[in-house]
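Required output: the full structure, derived from the provided sequences and hints.
So the sequence lines, in the order shown, correspond to chains A and B. For the first sequence, our numbering begins at 1 and goes up steadily by one. For the second sequence, our numbering begins at 420 and goes up steadily by one.
Hints in this document: simulated from the structure, not taken from any laboratory. Please note: incorrect hints may appear among the correct ones.
[As the list claims (entries may be wrong)] Far from chain B, some chain A residues (derived; all Cβ distances over 10 Å):
| id | residue |
| --- | --- |
| 1 | V3 |
| 2 | K6 |
| 3 | Q9 |
| 4 | I14 |
| 5 | L119 |
| 6 | K160 |
| 7 | A245 |
| 8 | N272 |
| 9 | M333 |
| 10 | S359 |
| 11 | T414 |
[Claimed, not checked] Distance condition first, Cα-Cα at most 27 Å in a straight line; then the derived DSS-like pairs of lysine-lysine:
| id | chain 1 | residue 1 | chain 2 | residue 2 |
| --- | --- | --- | --- | --- |
| 12 | A | K6 | B | K451 |
| 13 | B | K727 | B | K689 |
| 14 | B | K606 | A | K6 |
[As the list claims (entries may be wrong)] From the derived model, a few chain A residues whose C-beta atoms are all more than 12 Å from chain B:
| id | residue |
| --- | --- |
| 15 | I10 |
| 16 | P13 |
| 17 | N141 |
| 18 | E201 |
| 19 | S349 |
| 20 | G351 |
| 21 | D360 |
As the structure is a computational prediction, the values presented were derived from the model and not from experiment. Heads up, the beta-carbon is just placed ideally off N, CA and C, and yes, glycines get one too.
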Amino acid sequence: MSVFKKLFQIFGPIVLAALVLFVFLISPFGVKRISQTTIEKAALSQSPNIFKGSAVKKAALSQNYVPFFGSSELSRMDALHPSVLAQKYQRSYRPFLLGSPGTQSLTHYWGMQGISQQLKNKKAVFIVSPQWFVKKGIDPNAFSFYYSNLETVEWLRHAKNTRMDRYAAMRLLNMPSARSSETIERCILRIAAGQKLTSTERTYLNLRYNILQHEDQMFSMLTLKDRRSLIEKGEKQLPDAYSTAGLNQVAEKLGKENTTNNRFNVDNNFWNKRLKNNYQKLRNEQSNFSYVQSVEYSDFELVLNEFAKQHTDVLFIIPPINQKWADYTGLSMDMIHHFNRKIKYQLNSQGFSNIVDLSDDGASPYFMQDTIHLGWKGWLRVDQHVDPFLNKKQGKTAYKINNYFYTKNWQQKTNVTSD
Amino acid sequence: MPNMQPYQNPTYFLILGVALLPIIIGMMFGKKLHWYQTLISFAFLLLTFGGPKWEQGLALIGYIIFEVILIGCYYFYRQKKNATWIFYLAVFLAIIPLIIVKVTPALEGGQLSIIGFLGISYLTFKVVQMIMEIRDGIIKEFKPWLVLQFLLFFPTISSGPIDRYRRFIKDYKTPMARDKYLDLLDKGVWYIFLGFLYKFILAYFFGSRLQPVVMQLAISHGGMSWWVVAFTYVYSMHLFFDFAGYSLFAVGISYIMGIETPMNFNRPFKAHNIKDFWNRWHMTLSFWFRDYIYMRLVFFIMKNKLIKSRITIANLGYLTLFLIMGFWHGLTWYYIVYGLFHACAIILCDAWLRFKKKHQAHIPSNKFTEWFAIFITFNTVCFSFLIFSGFLNVLFFHGTLN
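Structure below.
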């Protein structure tokens with residue numbers, strides 16, 4: 001065999017592979033169309049790949065999908081879940097569920113980076129869980145799980161020397177994910193220090209952005225969970241014509257049927273899987289829980305700041321806690337009221353005035369599906385606020401961001417008087 | 420200054436590919452560019468041990484000077500005399516840095532020794548081997564430059580495979596015909612790409628995707644659960660593909676440089692028994708332990724007629740070998756138990772093989788028994804890796820995983 005033939009045999013495949021890689025990853029061409037089915041599935045999937053990516057989110061939010069930011073409650077897909085109601089009664093909007101167990105303000109802030117154009121002058125729904133506001137905010141492991149290089153690079157490309165970006169950079173540096181790449185870490189350090197990125201760093205980021213974007217376009221929708229059957233199942237349980245009384249009956253019935261094996265009005269499955277064997281250990285276990293002093297308040301400010309930047313009209317929902325469960329675990333209602341005053345002050349004082357505070361409904365039966373997650377009647381109540389909000393004309397937003405909310409002083413403040 | 424760990428990411432391979440190009444061209448024309456090879460070796464060592472890792476770099480330089488002088492001194496001594504205690508002293512001196520590095524974390528609460536650096540174990544194996552072969556009179560030269568080339572050969576410096584001095588130097592010096600080199604190049608490239616599959620896809624999948632999940636589930640369940648079983652297999656796969664992938668890189672790069680570094684793995688999970696397993700798993704290490712610890716101990720005992728029974732001698736040899744291997748991994752209960760476990764397994768295996776030989780007529784041997792043997796061996800090995808992982812330490816004694 002001739003030498004060249006042999007050399008070609010050895011290196012030919014490598015050269016070919018490099019070429020294919022270049023065409024698919026580095027070159028700015030080759031955007032794949034995203035099918036309607038993919039969008040429908042993705043909106044319900046709560047899959048981390050969709051959350052961390054931007055291609056599918058962008059495609060969906062350019063249509064009639066509205067982002068529903070939240071966390072674990074979004075996966076309580078009973079018949080009264082916003083996604084079911086929107087489909088059953090052919091609303092003008094469809095929810096795109098963003099968030100799953102472990103997502104908090106910080107993950108949402110980065111999750112918003114890829115869809116800034118889609119948030120501009122649009123509406124959004126945001127469910128704020130009191131449970132996020134523990135002393136140290138998000139668990140670094142949970143953050144790593146939802147960390148996305150794509151969103152970070154996207155953020156870095158537009159980061160400026162503002163309080164928001166410096167604070168975000170500083171928070172990111174506290175997370176192990178920031179060290180995933182040396183160059184990216186250096187860029188984050190620069191932003192934290194209020195410096196400009198060098199032109200080499202910019203070129204690197206742009207190149208990296210192309211690669212990550214292509215990765216996202218090609219791989220984020222593989223192995224997508226399909227939950228459409230859950231929604232269809234929910235639809236079948238609903239009356240054909242929308243009526244508050246009729247839906248209330250369904251919620252009451254479903255709630256009753258599904259909470260028969262415990263005294264806390266907790267869903268049977270949840271009870272069997274998560275509480276049955278260890279609930280006795282949890283008695284009075286939460287008596288010293290506090291959601292009043294937390295770094296999460298400043299992380300939440302990042303989210304507000306981003307909404308303000310994009311002039312997004314947002315409906316904030318503060319869910320309650322199952323009263324029976326709170327009594328059993330000794331969670332202080334005083335503290336919860338304290339939390340409510342503080343978070344509402346942060347929202348109202350900056351012009352975020354669409355707030356649905358459900359915190360007094362924790363005792364109402366079947367409002368919660370389990371301990372801290374909205375369910376049947378709770379979802380119905382949410383819908384009664386969400387539907388009018390999303391149907392009314394886009395209002396002009398007048399937000400006044402106050403950098404005070406980025407300070408330790410605010411994070412630690414305890415004596416917030418009511419708005 | 421930039422710093423990169425060997426085979427860490429695609430960038431490392433990209434730089435490596437460019438750096439190897441002149442070597443490939445030279446080899447194609449039957450020329451070994453020794454000066455260039457030295458140059459890039461230095462550059463890659465700087466990349467690994469420079470910048471933020473400069474302390475390790477200094478430790479490496481100090482270590483190398485010390486060991487080369489030691490080898491030299493022992494070589495010149497051995498030309499004239501051959502006292503046993505001097506030989507023991509030389510071996511002891513050679514392993515003292517390694518002992519300090521291994522003992523320090525156990526004594527100082529996890530703190531790493533300042534004289535440690537990435538790959539010190541593997542360098543020590545090479546040095547001890549040289550001293551032993553100098554004593555045997557098989558190594559008949561002391562050329563500091565060649566010793567340096569052997570010790571600091573950059574593709575294998577961080578984790579082996581452990582080459583032998585005489586074999587390495589022969590490859591290093593002898594020119595190679597173009598046809599032979601093309602075959603080697605072909606294999607080298609193939610090994611590197613197989614390594615990509617092992618390390619960046621399979622090891623990543625098992626180690627970074629599955630392992631944290633099963634670990635979390637096992638911990639939240641507490642104590643013994645099916646998740647610990649899942650962890651056992653996931654960890655075993657991670658360990659194998661990570662290390663085998665790494666070894667394939669080292670061997671592949673060596674081949675491209677015209678050095679036939681020995682293979683480290685030969686389908687270890689197809690082993691029929693534990694003995695077979697150690698002939699297939701981390702082979703250069705087990706052969707090193709076989710040649711320089713086990714065989715020497717066995718000869719020593721037989722020569723001095725300390726023990727009569729050959730079986731007892733062999734078992735004692737295994738026990739010593741695996742205990743030392745356990746201690747070498749680190750001074751923790753689980754590494755030592757791992758060593759003892761394998762010693763027991765191999766002693767049992769030997770006993771079974773003797774029994775089988777005696778009763779050959781009555782013990783069936785067919786496809787089924789063969790698969791059964793593989794199945795048992797595989798599970799025994801995976802269980803030993805569960806011990807090795809230190810995860811039991813986390814589960815039972817709330818230790819941390821390194």
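To see whether the hints hold, each was checked on the structure:
The claim that V3 (chain A) is not at the interface with chain B is violated, since a C-beta of that chain comes within 10 Å of its own (minimum 7 Å). Listed as a non-interface residue, K6 (chain A) fails to keep its Cβ farther than 10 Å from every Cβ of chain B; the least gap is roughly 5 Å. Non-interface call for Q9 (chain A) relative to chain B: violated, since the shortest CB-CB distance, roughly 7 Å, does not exceed 10 Å. Taking the minimum C-beta to C-beta distance to chain B, about 7 Å, the non-interface status of I14 (chain A) is violated against the 10 Å cut.
At roughly 31 Å from the closest C-beta of chain B, the C-beta of L119 (chain A) stays outside 10 Å, upholding its exclusion from the interface. Residue-level check passed: K160 (chain A) sits 28 Å from the nearest beta carbon of chain B, beyond 10 Å. Remark: the non-interface label on A245 (chain A) is consistent with the geometry, its nearest Cβ contact in chain B lying 43 Å away (cut-off 10 Å). Remark: the non-interface label on N272 (chain A) is consistent with the geometry, its nearest Cβ contact in chain B lying 16 Å away (cut-off 10 Å).
For M333 (chain A), the shortest C-beta to C-beta distance to chain B comes to about 29 Å, beyond the 10 Å cut-off, and the non-interface label holds. Every C-beta of chain B lies more than 10 Å from that of S359 (chain A), the closest at about 30 Å, which supports listing it as non-interface. At the 10 Å boundary, the C-beta of T414 (chain A) stays outside the reach of chain B, the nearest C-beta of that chain being 33 Å off. With a C-alpha separation of about 20 Å, the suggested pair K6 (chain A) and K451 (chain B) falls inside the 27 Å cut-off, and the hint holds.
Straight-line distance between C-alpha atoms of K727 (chain B) and K689 (chain B) comes to about 35 Å, which puts the hinted pair past the 27 Å bound. Simply put, K606 (chain B) and K6 (chain A) have alpha-carbon atoms about 12 Å apart, close enough for the 27 Å limit, and the pair holds. With a cut of 12 Å on Cβ distances, I10 (chain A) falls inside the contact zone with chain B, its closest approach being about 5 Å. With a minimum CB-CB distance of about 8 Å to chain B, P13 (chain A) fails to clear the 12 Å threshold, and the non-interface call is violated.
Listed as outside the interface, N141 (chain A) is inconsistent with that label: its C-beta sits roughly 8 Å from the nearest C-beta of chain B, within the 12 Å cut-off. No Cβ of chain B approaches the Cβ of E201 (chain A) within 12 Å, the least distance being about 14 Å, so the stated non-interface status holds. Here S349 (chain A) stays apart from chain B, with its beta-carbon at least about 40 Å from theirs, past the 12 Å limit. No beta-carbon of chain B is positioned within 12 Å of the beta-carbon of G351 (chain A); the least distance is around 41 Å.
At the 12 Å boundary, the C-beta of D360 (chain A) stays outside the reach of chain B, the nearest C-beta of that chain being 33 Å off.
Hints 1, 2, 3, 4, 13, 15, 16, 17 from the list above are not met by this structure, while the remaining hints are.
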